[in-house]
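**Q** Use these hints to put chain B onto chain A, whose structure you have.
Each chain, letter by letter, is given below.
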Amino acid sequence: MNQIPILIITLPLLLTPILLLIRKINIVYVLTLVISLINIILILTLGIEVYNNGNIIYELGGWPAPIGIRLNADLLSCYFLTFINVMSFLCLVSSKNIIKHQIHEDNLYLFYIAWLLCNIGFSGIVLTDDIFNLFVFLEISSLSSYFLISQANYKGSLLAAIQYLFIGSIGAVFILLAIGILYAHTGTLNMHDLAMKIGQAKFSKSIIFSLGLLLAGIGIKSALFPLHGWLIKTYAYAPSIVTTYFSGTSTKIGIYILLRVFLDILNSISPLEYYKLAQFILFISLLGVLLSTFYAVKQQEVKKMLAYSSVAQLGYIIIAIMLLIPDGLTASLIHVVNHSIIKTGLFLIIAIIFINNQNVMIEDLSGLGKKYPILMSCFVVLGFGLIGLPITSGFISKWYLVTAMLKSEYWYFTFIVLLTSFMTLFYVWALIEKIYFATNNNSSAVNNISIYQIFCVITLTIMTIYLGLETSLTSGIAQNISSDFYRIIEK
Amino acid sequence: MILMIPHLSFLLFSIFLLYLIRNKSSAGLIHILVSFISFLFAIYTLINKNIFLYKEINVIEVLENITISFNLDYLGLVFLIVSNGLWFMTSIYTNRYLKLNNYQSHGKFFIFFLISMMSTNAIIYSANLFTTFIFYEILTIATYPLVTFKSDEKSISSGKKYLYYLLGTSIIFLLPAIIITYNVTGTLTYTENGIFPTYDSNLINILIILFLFGVAKSAIMPFHKWLPTAMVAPTPVSALLHAVAVVKSGVYILIKIIIYIFGLNVLKNTGSDLFILFASLTIILSSIIALKQDSIKLRLAYSTIGQLSYIILGVAILAPYSILASVLHIIFHALGKITLFLASGSITTQTGIKNVTDMDGLSSRLPYTCLLMSLGAFIMVGLPPTIGFISKWYLVIGIIESNKLYLLTIIIVSTILNASYYFPIIYRSYFMPKNIRSKVKNEEDMQLITPVIIIGLISIILFFNLDSIIMFLEESIILK
Chain A
1 MNQIPILIIT LPLLLTPILL LIRKINIVYV LTLVISLINI ILILTLGIEV YNNGNIIYEL
61 GGWPAPIGIR LNADLLSCYF LTFINVMSFL CLVSSKNIIK HQIHEDNLYL FYIAWLLCNI
121 GFSGIVLTDD IFNLFVFLEI SSLSSYFLIS QANYKGSLLA AIQYLFIGSI GAVFILLAIG
181 ILYAHTGTLN MHDLAMKIGQ AKFSKSIIFS LGLLLAGIGI KSALFPLHGW LIKTYAYAPS
241 IVTTYFSGTS TKIGIYILLR VFLDILNSIS PLEYYKLAQF ILFISLLGVL LSTFYAVKQQ
301 EVKKMLAYSS VAQLGYIIIA IMLLIPDGLT ASLIHVVNHS IIKTGLFLII AIIFINNQNV
361 MIEDLSGLGK KYPILMSCFV VLGFGLIGLP ITSGFISKWY LVTAMLKSEY WYFTFIVLLT
421 SFMTLFYVWA LIEKIYFATN NNSSAVNNIS IYQIFCVITL TIMTIYLGLE TSLTSGIAQN
481 ISSDFYRIIE K
Chain B
1 MILMIPHLSF LLFSIFLLYL IRNKSSAGLI HILVSFISFL FAIYTLINKN IFLYKEINVI
61 EVLENITISF NLDYLGLVFL IVSNGLWFMT SIYTNRYLKL NNYQSHGKFF IFFLISMMST
121 NAIIYSANLF TTFIFYEILT IATYPLVTFK SDEKSISSGK KYLYYLLGTS IIFLLPAIII
181 TYNVTGTLTY TENGIFPTYD SNLINILIIL FLFGVAKSAI MPFHKWLPTA MVAPTPVSAL
241 LHAVAVVKSG VYILIKIIIY IFGLNVLKNT GSDLFILFAS LTIILSSIIA LKQDSIKLRL
301 AYSTIGQLSY IILGVAILAP YSILASVLHI IFHALGKITL FLASGSITTQ TGIKNVTDMD
361 GLSSRLPYTC LLMSLGAFIM VGLPPTIGFI SKWYLVIGII ESNKLYLLTI IIVSTILNAS
421 YYFPIIYRSY FMPKNIRSKV KNEEDMQLIT PVIIIGLISI ILFFNLDSII MFLEESIILK
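Line by line, the protein sequences give chains A and B.
Take the first sequence: its position 134, counting from 1, is numbered 134 in my numbering, and each next residue is one higher.
Take the second sequence: its position 460, counting from 1, is numbered 460 in my numbering, and each next residue is one higher.
There could be a bad hint or two in this list.
[Claimed, not checked] Here are some chain A residues pointing at chain B (derived, C-beta under 10 Å):
#1 ILE181
#2 TYR183
#3 PRO390
#4 GLY476
Simulated from the structure, these hints should not be mistaken for lab results.
Cβ atoms here follow ideal geometry from the backbone N, Cα and C, with glycine treated the same way.
If we strip away everything but chain A, and leave its shape as in the complex, we get (with noise of 0.2 Å):
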């Protein structure tokens, strides 16, 4: 049992040079989706585990914590683990014959392995419990999906893979800056030891400096408004496989990140609450709400308005964090799950939908209500979701957050977030409408549909309403969580 974390990381990257050998794209396709399947079963597994009998540590080579490397599996990680994975699998099943329409054919195998390095990433953020680790985790994650990006045959993507690469750099030298100014002070990499030493040590400008950096580094590697202009290219111009696989996880790896650094390490000396700055990433990431959600009302392209959605919804997400109560904690982790299940759901229906196209006009949808009638069905489920209806998981984020906010006074604030939820609804109908009333001849939609594709689907909108009804799942585990933390920072 103890094994399950190292193994989530090192089965699928020991795979990896075997793929690389074998570069036959069917087995290497298989053998992608068996390991998957299996790390799922591993995560659930672990999650179980740590569910009923708490965290589960794993020193890497038998040396112990300040020192070697440590895993530790706690129901955070568990908690993001899972719909990572979930999510990172469902698109894996769909993608083989929309890769095999916009990657170079000789690419081929390579993408799967790029895709596994990403998730091997993700899931080692999650994981691990040494703060320089992470960085390397970050750093995996991040090199393999400029790959992943860059692979799209669209003009542009190169650009757009380039562009990324240079703000995800930048961001990671801010973090990698901030890790060494920590170590410094505190002489450990070690995220429980830095938590203790944090609180001994002499609290000067420099640590103060490294926060700053950490922050700007987490906000751009989790699109925080302002810094969320690379998202929305990467989203457009990466083949819509990939987006659809990011959509759900890498900015929501970001959000990890900043839970780990700044509620869980720096709870000792809390200066988010200290300096006023979680009011002040609060007003920001309204202000972000607003103006996003403005584009995506605004935008033409389908993926673009999604992307713009995207945004606003995870300035949701900071919003709750920054309320700085357990309630707000446990709204954005719902949020989190939620979030990444419906807009999985609406980027991998517009994937599959349209294999050729670069640009998804809103024109583009004309007319499919009839010719896709149980796709674009599951695409109003998920866009009520989005919107925050009852009956879908939305509506469950929506009641917790607008709680949270109610119990910390903000009365206008709450007011400025109902009113971007229902200005979702502008840019959602927009979409319906066209789906269902126009009429136009739709020449771009393709119609090879494979019954896998429609599965994926069909199980996100089933977790969507499954998760708008019966919520153990999401909020029993958040609230579990939440409590935790904040026990934690009152002692």
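**A** Quick look at chain B alone, frame taken from chain A:
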């Protein structure tokens, strides 16, 4: 054995059934059958009311302490019978109406009609605000395809407006109101004396505003605009949904909030002036706007807006007799307005006339329809010997009883205004010379008009059997 779950699951099952046979011509007959069985459910509940009433049933716990659960009280029972009975009548009318007007894709129409009626029944049954909210939103979504049923540009843009108004108000006002209520009281269940034990009049007033604007289905001004825009829908939709099911759901929710959430005692202390203010303003303004409308359906729609505020006003006065008047008016307005709408649909279908000014001399061609129009108009104005008079009578008694005599002016002014926009309809159809422009068709389509005649007859029978209804209502908890 409680009938609520079997009733709702039967309706849910029928939706799937209708989906399977959506392209067959029998869809209309199935729809009639479903509405009839649904009516039987309501009747059976009425007969065995001592067994079925006030039995709460939990379906699923969605959030901590927040469940989807159902319960039924006297108020709900009244509304249950009214909406299901009128649904049965309308379904017969609808079948003929869609055929005469050559509408395509009947299956889709019936499916969404059924979903709307299922949500209405679920709203009636719901035992807490959370459940109500869920089905309130589903009702909005389910009526949207009906409003945009004609799929032309006008109905699409109207549908959008409809949706933005109803969803927008419910997201921006109703949801925070419910969440604040939950945060303050820790429960959302409809409870006999309200759930606010200690009150803070600022909080109560803010909540009153949020609830009033949030439940925009009750068409309180300034969020009433969706109702006139919804009139682009086919007549059965305007008749059953936008004169009975949807708007009365809104009013029903507000009444429940007043009685079971705030509680009459709390409101008596803090004052329900805000309710009275907005309701009175809506009564007067909507009547003035209705005067200017030439389109029959729009005039009826604005009349509905005013009449709904009568119901809210009656409850907001908080006197037993005014509450009785409100409950009676839920029944009577439903009967009267559906008669008017269905009759107007019959006029438009058979002659193509849509405006009041074109109705000259119509009575010679459509005698039954015009008679029904006049009956409906009498009910709306509140003249004896129609039931409209009774609810107005009790409302006036309630006003006098609660010493809010200034409200009498509102009743009087509004009655005069009502008369002045309803009587032209009667006058033109009976006493003006024939209009040559309208399409000629000799026979009146009896198959279309029969259900409407039955509704009209029921309203007349009710007038002469009022004792039983009032006795029944006096048993209810509301009037104690």
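**Q** Against this structure, judge whether each hint is valid.
**A** Status of each hint after checking the structure:
1. ILE181: Result: violated, 42 Å to nearest chain B Cβ.
2. TYR183: 42 Å, violated
3. PRO390: Since the shortest Cβ distance to chain B is 4 Å, the answer is holds.
4. GLY476: This interface hint holds because 9 Å falls under the 10 Å limit.
Consistency with the previously given hints fails for numbers 1 and 2, ordered from lowest to highest.
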